[in-house]
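Participant: The primary structure of each chain is shown beneath.
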Amino acid sequence: MNEIRTLIVDDSSVMRKIVERSLRQAGLDLAVVHEAGSGTEGLDLLKAKQVDLIMSDINMPSMDGLEFLRQIRAQNLAPGVPVVMITTESSEEHVKQAILAGAQGYIRKPFTAEQVKERVLPLLNAA
Amino acid sequence: MLFNGVRAAAIARPRVGVKNEMEPTMPVSLRESVELVSDPRNLDASVEEVFQLMLGVSCRRDAGPVVQEQESVTAVVGFGGLLSGACVFSCGASAALKIAGHLTGMEFQEIDDTVKDGIGEICNMLAGAWKGKVPDLAANCGLSVPAPEFQLRHAYRFADTSFAVTIVCDGLQ
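The listed protein sequences derive, respectively, from chains A and B.
The first sequence lines up with residues 0 to 126 when you count with numbering that gives the first Met the number 0.
The second sequence lines up with residues 0 to 172 when you count with numbering that gives the first Met the number 0.
Since the hints were made in silico from the structure, they are not lab data.
Any given hint could be a false lead.
Stated by the list, open to error - Distance condition first, Cα-Cα at most 27 Å in a straight line; then the derived BS3-like pairs of lysine-lysine:
{"no.": "1", "chain 1": "A", "residue 1": "Lys116", "chain 2": "A", "residue 2": "Lys95"}
{"no.": "2", "chain 1": "A", "residue 1": "Lys46", "chain 2": "B", "residue 2": "Lys132"}
{"no.": "3", "chain 1": "A", "residue 1": "Lys95", "chain 2": "B", "residue 2": "Lys132"}
{"no.": "4", "chain 1": "A", "residue 1": "Lys48", "chain 2": "A", "residue 2": "Lys116"}
Computed from a predicted model, the values in this text were never measured in an experiment.
Build out the structure end to end from the sequences listed, making use of the hints.
Facilitator: What follows is the structure, encoded as structure tokens:
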């Protein structure tokens, strides 16, 4: 898939850059990278911009990643766009919660570009 | 001392997803996991994993004290739920600059917000990796049991740089 438009949501600007770098290392041709520091900012961006992929942290202040995901689905923003959660939480329960909220992928921090590739590329190919 | 205020706020809020009907059954105590929680190899493995995967450097535990510098950076990530405590990451300015440099691929001359943000993320990943090695903690639910404070503090080294990681718990019984 060429020229991916991506939204990366994380309260850490460093982690947003690391996620972007990992996506590029995974071979994705990122045409546009939108960044949001919270779920609220992410929702605002999705109302104004079209994206092909959403990568979101879970533990964030004000609106966490799961609520962000629920709001995306509830407001029918970015229909059909795969959402991958990236988090330090690794329990089955957290994965279950993310899937129930509508996530298609789950990446545990710390991660490698190879793991990002394995989780993200199939989703983009299927979209 | 510079303090990472963003991550310090984690002390005041549980780092767990929104509670819902999927909340698992709460273990009564960490009694069966005490050995896992206090096993220093879990902390060593967590540090090695985070530094290898995110910084691409090999890191080992160092017996010696962390080199003290006038300027330092400390990040704190709190544990809430079954275990109450915190993961504290502290290092001197030179180590912080190197760690942030490896993490981001950028070069830093001074301790700015990006460096502090990077150290906060390292602390966050260390806390998550360490917690994830104890199944009861990975599920992260339950009540803490009052107990004497427990602390694991180790110094680590990579190349010519050293830093310390401390796990502080107030409910280990």
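Participant: Checking each numbered hint in turn, tell me which of them this model violates, lowest number first.
Facilitator: Checked against the structure, the only hint that fails is number 2, while the rest are satisfied.
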